[in-house]
Amino acid sequence: MASKIQKAFRSEARIKPPKGIFLYGPPGTGKTLLAKAIANESEANFISIKGPELLSKWVGESEKGIREVFRKANRQRLALYFLTKLML
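For the sequence shown, my numbering assigns the number 9 to the initial residue and increments by one for each residue that follows.
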């Protein structure tokens with residue numbers, strides 16, 4: 009079943025909707041608010057993932073955490089992943 013956003017892209021713009029979007033900028037510019045609004049309008053689950061919470065000094069623990077986050081999200085019909093506080 010297609011979401012509202014997917015239907016709007018297909019019917020009005022006649023283009024395939026993007027698989028993802030990258031928001032960047034200094035703190036306090038509304039990135040989280042925009043992502044939550046998009047999730048709300050598209051009736052998607054909003055999953056916030058904070059980078060430091062996934063990091064571990066133990067081998068394989070960071071990867072295990074990432075796998076678990078995506079495993080939970082795959083159980084849901086439609087989800088918006090919001091990765092924040094990533095140090096690149």
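Among the clues, some could well be false.
[Unchecked claim] Keeping only pairs whose Cα atoms sit at most 25 Å apart, straight-line, the calculated PhoX-like set for lysine-lysine is:
| hint | residue 1 | residue 2 |
| --- | --- | --- |
| 1 | 80 | 27 |
| 2 | 39 | 58 |
| 3 | 39 | 27 |
| 4 | 58 | 72 |
| 5 | 44 | 27 |
| 6 | 93 | 24 |
| 7 | 80 | 93 |
| 8 | 44 | 65 |
| 9 | 58 | 24 |
| 10 | 80 | 44 |
Hints in this document: simulated from the structure, not taken from any laboratory.
Structure-based check of each hint:
1. 80 x 27: With a Cα-Cα distance of about 19 Å, the restraint between residue 80 and residue 27 holds, given a limit of 25 Å.
2. 39 x 58: 14 Å, holds
3. 39 x 27: Roughly 18 Å separates the two Cα atoms, so the pair holds.
4. 58 x 72: 15 Å, holds
5. 44 x 27: Roughly 17 Å separates the two Cα atoms, so the pair holds.
6. 93 x 24: 29 Å, violated
7. 80 x 93: 21 Å, holds
8. 44 x 65: 31 Å, violated
9. 58 x 24: 29 Å, violated
10. 80 x 44: Answer holds: residue 80 to residue 44 is near 18 Å, not above 25 Å.
In this structure, the hints that do not hold are numbers 6, 8, 9, in rising order.
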